[in-house]
Amino acid sequence: MSERQRALEALAAAQWKLALRLTTAMMAIYFGFILLVAWAKPLLGQQLVPGLSLGILLGALVIVAAWVLIRVYVRWANSHYDSAVARIRESGR
Amino acid sequence: MTSSLGSPNVAAILFFLLFVSVTLVITYWAARRTRSTEHFYAAGRSVTGLQNGLALAGDYMSAASFLGIAGLVALSGFDGLIYSIGFLVGWPVVMFLIAEPLRNLGRYTFADVVAYRLRQTPVRIAAAIGTLAVVTFYLIAQMVGAGNLIRLLFGLQYEWAIVIVGAVMMAYVLFGGMLATTWVQIVKAVLLLGGAFLLAIMVLLRFSLNPLALFASAAEQFGARVLAPGQLVADPLDALSLGLALMLGTAGLPHILMRFYTVPDAKTARTSVSYATAFIGFFYLLTFILGFGAMVIVGPDAIKAVDKGGNMAAPLLAEAVGGEGFLGFIAAVAFATILAVVAGLTLSGAAALSHDLWVNVVRGGHAPEHEQFVVARIATVLGGVASIALGIVFKGQNVAYMVGLAFAIAASANFPALVLSVFWRPFTTRGAQASMIVGTLSALLLIFLSPTIQVSVLGRASAPFPLRNPGLVTIPLSFVVGIVVSLLTKESEAGERFPSMQHRLHLGPEADQA
Chain F
30 MSERQRALEA
40 LAAAQWKLAL
50 RLTTAMMAIY
60 FGFILLVAWA
70 KPLLGQQLVP
80 GLSLGILLGA
90 LVIVAAWVLI
100 RVYVRWANSH
110 YDSAVARIRE
120 SGR
Chain V
118 MTSSLGSPNV
128 AAILFFLLFV
138 SVTLVITYWA
148 ARRTRSTEHF
158 YAAGRSVTGL
168 QNGLALAGDY
178 MSAASFLGIA
188 GLVALSGFDG
198 LIYSIGFLVG
208 WPVVMFLIAE
218 PLRNLGRYTF
228 ADVVAYRLRQ
238 TPVRIAAAIG
248 TLAVVTFYLI
258 AQMVGAGNLI
268 RLLFGLQYEW
278 AIVIVGAVMM
288 AYVLFGGMLA
298 TTWVQIVKAV
308 LLLGGAFLLA
318 IMVLLRFSLN
328 PLALFASAAE
338 QFGARVLAPG
348 QLVADPLDAL
358 SLGLALMLGT
368 AGLPHILMRF
378 YTVPDAKTAR
388 TSVSYATAFI
398 GFFYLLTFIL
408 GFGAMVIVGP
418 DAIKAVDKGG
428 NMAAPLLAEA
438 VGGEGFLGFI
448 AAVAFATILA
458 VVAGLTLSGA
468 AALSHDLWVN
478 VVRGGHAPEH
488 EQFVVARIAT
498 VLGGVASIAL
508 GIVFKGQNVA
518 YMVGLAFAIA
528 ASANFPALVL
538 SVFWRPFTTR
548 GAQASMIVGT
558 LSALLLIFLS
568 PTIQVSVLGR
578 ASAPFPLRNP
588 GLVTIPLSFV
598 VGIVVSLLTK
608 ESEAGERFPS
618 MQHRLHLGPE
628 ADQA
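First to last, the protein sequences are chains F and V.
So the mapping is simple: this note's numbering equals the position in the first sequence, first residue as 1, plus 29.
So the mapping is simple: this note's numbering equals the position in the second sequence, first residue as 1, plus 117.
Fair warning: there could be bad hints in the mix.
Straight-line alpha carbon distances no greater than 25 Å define the calculated SDA-like cross-link-like pairs of lysine to any residue that follow [as the list claims (entries may be wrong)]:
| hint | chain 1 | residue 1 | chain 2 | residue 2 |
| --- | --- | --- | --- | --- |
| 1 | V | Lys512 | F | Lys46 |
| 2 | V | Lys425 | F | Ala36 |
| 3 | F | Lys70 | V | Val598 |
| 4 | V | Lys425 | V | Leu273 |
| 5 | F | Lys46 | V | Ser391 |
| 6 | V | Lys425 | V | Val574 |
| 7 | F | Lys70 | V | Leu402 |
| 8 | F | Lys70 | V | Pro417 |
| 9 | F | Lys46 | V | Leu273 |
| 10 | F | Lys70 | V | Ser193 |
| 11 | F | Lys70 | V | Leu354 |
| 12 | V | Lys607 | V | Ser617 |
| 13 | V | Lys384 | F | Ala39 |
| 14 | V | Lys384 | F | Leu81 |
| 15 | F | Lys46 | V | Gln274 |
| 16 | V | Lys421 | V | Gln274 |
| 17 | V | Lys384 | V | Ala395 |
| 18 | F | Lys46 | V | Pro417 |
| 19 | F | Lys70 | V | Phe339 |
| 20 | F | Lys46 | V | Leu354 |
| 21 | F | Lys70 | V | Pro353 |
| 22 | V | Lys425 | V | Val510 |
| 23 | V | Lys384 | F | Lys70 |
| 24 | V | Lys384 | F | Ser108 |
| 25 | V | Lys421 | V | Ser391 |
| 26 | V | Lys384 | F | Ala42 |
| 27 | V | Lys421 | V | Leu273 |
| 28 | F | Lys46 | V | Ile281 |
| 29 | V | Lys425 | V | Gly340 |
| 30 | V | Lys384 | F | Ala36 |
| 31 | V | Lys384 | F | Gly61 |
| 32 | V | Lys512 | V | Pro353 |
Don't read these hints as lab results, they were simulated from the structure.
Whenever a hint applies, use it, and build me the whole structure from the sequences.
If you want it as structure tokens, here you go:
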């Protein structure tokens with residue numbers, strides 16, 4: 030296996046590992062929320078301040094979590110991934 | 118409060134005619150640039166990240182989410198929010214697993230990617246069946262929704278509404294292809310985001326711009342229960358099943374996946390998902406305010422008096438805070454929303470018919486460019502006529518479950534095959550075929566046996582299958598079938614092509630020539 034092929038496979042493995050971790054994190058957050066909705070109704074109905082129930086706060090936070098996870102991926106991809114791809118492309122010339 | 122809903126609204130008609138005129142001018146402009154199949158399906162791969170982000174958001178924010186979720190929240194409070202959240206969480210999955218591989222490996226349809234290292238004919242046929250099933254159910258839901266909505270908003274007869282939507286949408290797709298469809302989506306997304314934002318601000322002005330004061334006022338008038346989970350999620354398994362289908366279905370919707378071919382490279386595909394998720398998340402946060410605003414300002418009884426399902430909550434709210442002119446604007450935005458979503462669906466259906474079935478199956482991948490272009494347009498006309506016919510056939514039927522069904526099929530038929538093909542080396546042609554066919558059929562069968570059809574539509578007392586959405590069973594089933602069949606049918610060529618696919622996946626199609 031060439032040096033180049035090895036670098037590509039290492040990059041593919043790193044990308045897959047991060048993608049899987051972030052996907053699992055999103056699923057855990059969302060399904061955690063759904064299970065709370067199903068099993069902890071009175072808890073989620075608690076109002077932290079008038080108008081803001083724990084359920085509404087957590088729901089909004091799930092949306093924020095989706096943004097944050099995407100941000101994490103984009104930062105990694107823009108810095109590490111893109112430069113690694115550029116290096117592998119160069120080495121093929 | 119009396120409402121002018123249901124009688125012809127001059128402002129609504131003017132705003133709508135303005136939208137149609139502007140979008141037809143765009144179509145004329147796009148038609149002059151649409152000279153090849155690549156333009157027709159992929160807008161010449163010239164769309165920027167921000168533009169594609171808006172277009173993705175436009176494709177995804179259907180009238181069902183604008184009107185339906187606002188209505189659900191207005192009638193049942195917190196429970197409606199569960200949908201807002203479920204519709205957003207699929208986007209990170211699209212980002213992590215789908216967007217960049219799709220851009221680098223395919224040309225026009227998601228079947229390009231599934232079939233990349235497998236045998237073309239069997240995979241394309243199975244993928245086209247999955248695509249057409251998703252598109253058909255999504256289209257029926259949109260068309261029937263359009264007919265009812267336009268009757269309520271504009272006082273126009275149901276059949277006329279369907280024919281107008283079908284004809285205008287066909288004009289966009291037939292003449293302007295993906296370029297026109299993309300710009301129609303962008304205009305619509307800006308109008309929808311702007312309209313929803315303006316409406317939310319006008320609501321919040323009554324609560325000193327504090328959403329919590331609005332929620333507190335809802336709790337005061339209708340009890341603290343409106344801020345707490347209610348009966349919608351009675352059974353945790355049911356909730357998980359729906360959640361799984363919404364989440365993974367997003368990553369299997371053909372009209373969404375097709376958008377990743379319109380950008381120049383994988384990095385732009387990545388940027389466009391970032392923008393799309395930001396816009397869609399913002400929009401769903403606004404639905405919190407619109408829903409509770411309609412509950413407090415219009416009132417659940419007044420909303421139910423106009424439409425039992427609550428779909429008129431947002432338009433009624435617009436009328437209450439901004440008068441008839443603002444109602445007209447919001448009504449026109451809702452109409453524009455349906456038009457744009459239907460156009461995107463028709464284009465992806467046409468691509469499955471012409472690119473997957475005609476060019477790659479019938480003609481074995483070797484059709485001359487002009488023939489591909491002509492067949493694509495014939496398929497568009499077929500799709501347009503079919504959507505008008507389906508809209509009229511399903512008049513008066515309960516089609517609310519069809520969006521959920523479309524997501525369930527997308528999640529069970531398309532998503533597993535796509536992921537396994539890109540990331541799992543032992544995947545074979547037979548495995549892909551089995552996974553997609555079993556995913557489609559099991560989703561259809563279990564929906565039919567579920568309370569969604571048996572109880573809600575057919576009026577029986579109970580259903581043989583307990584879950585309202587089959588995702589929890591059919592998605593894992595489709596993965597397992599794909600894996601087991603692949604392990605039983607060795608296909609050495611598929612494995613041998615894996616490294617070259619991986620090469621192109623990361624380095625892009627340009628690297629192939631190197």
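Quiz item: Given the proposed pairing of lysine 425(V) with valine 510(V), does the C-alpha separation stay at or below 25 Å?
Solution: Holds, because 22 Å separates the two Cα atoms, which is no more than 25 Å.
Quiz prompt | Pair hint outcome, lysine 512(V) versus proline 353(V) [Cα-Cα no greater than 25 Å] | solution = Violated, because 33 Å separates the two Cα atoms, which is more than 25 Å.
Quiz item: Between lysine 425(V) and leucine 273(V), is the straight-line Cα distance small enough, at 25 Å or below?
Solution: holds (19 Å)
Quiz item: Within 25 Å, alpha carbon to alpha carbon, are lysine 70(F) and valine 598(V)?
Solution: violated (37 Å)
Quiz item: Hey, lysine 70(F) versus phenylalanine 339(V), does the alpha-carbon distance stay inside 25 Å?
Solution: Between lysine 70(F) and phenylalanine 339(V) the Cα gap is close to 17 Å, so the pair holds against 25 Å.
Quiz item: Holds or violated: lysine 46(F) with leucine 273(V), Cα cutoff 25 Å?
Solution: violated (54 Å)
Practice problem: For the pair we were handed, lysine 384(V) and alanine 39(F), check the Cα-Cα distance against 25 Å. | Solution: holds (20 Å)
Exercise. Below or equal to 25 Å on CA atoms is what counts here, so check lysine 384(V) against alanine 395(V).
Key: holds (17 Å)
Quiz item: Is it true that the CA of lysine 46(F) sits at most 25 Å from the CA of serine 391(V)?
Solution: holds (20 Å)
Exercise. Measure nothing beyond the straight line between the CA atoms of lysine 421(V) and leucine 273(V); if it is 25 Å or shorter, mark the hint as holding.
Key: Measuring from Cα to Cα gives roughly 21 Å; hence the hint holds.
Self-check item: 25 Å limit on alpha-carbon distance, applied to hinted pair lysine 46(F) and isoleucine 281(V)
Solution: Judged against 25 Å, a Cα distance of about 49 Å means the pair is violated.
Quiz prompt | Distance restraint between lysine 425(V) and alanine 36(F), which requires alpha-carbon spacing of 25 Å or less | solution = violated (60 Å)
Checked against the numbered hints given earlier, the structure breaks hints 1, 2, 3, 9, 14, 15, 18, 20, 23, 25, 28, 31, 32 and satisfies all the rest.
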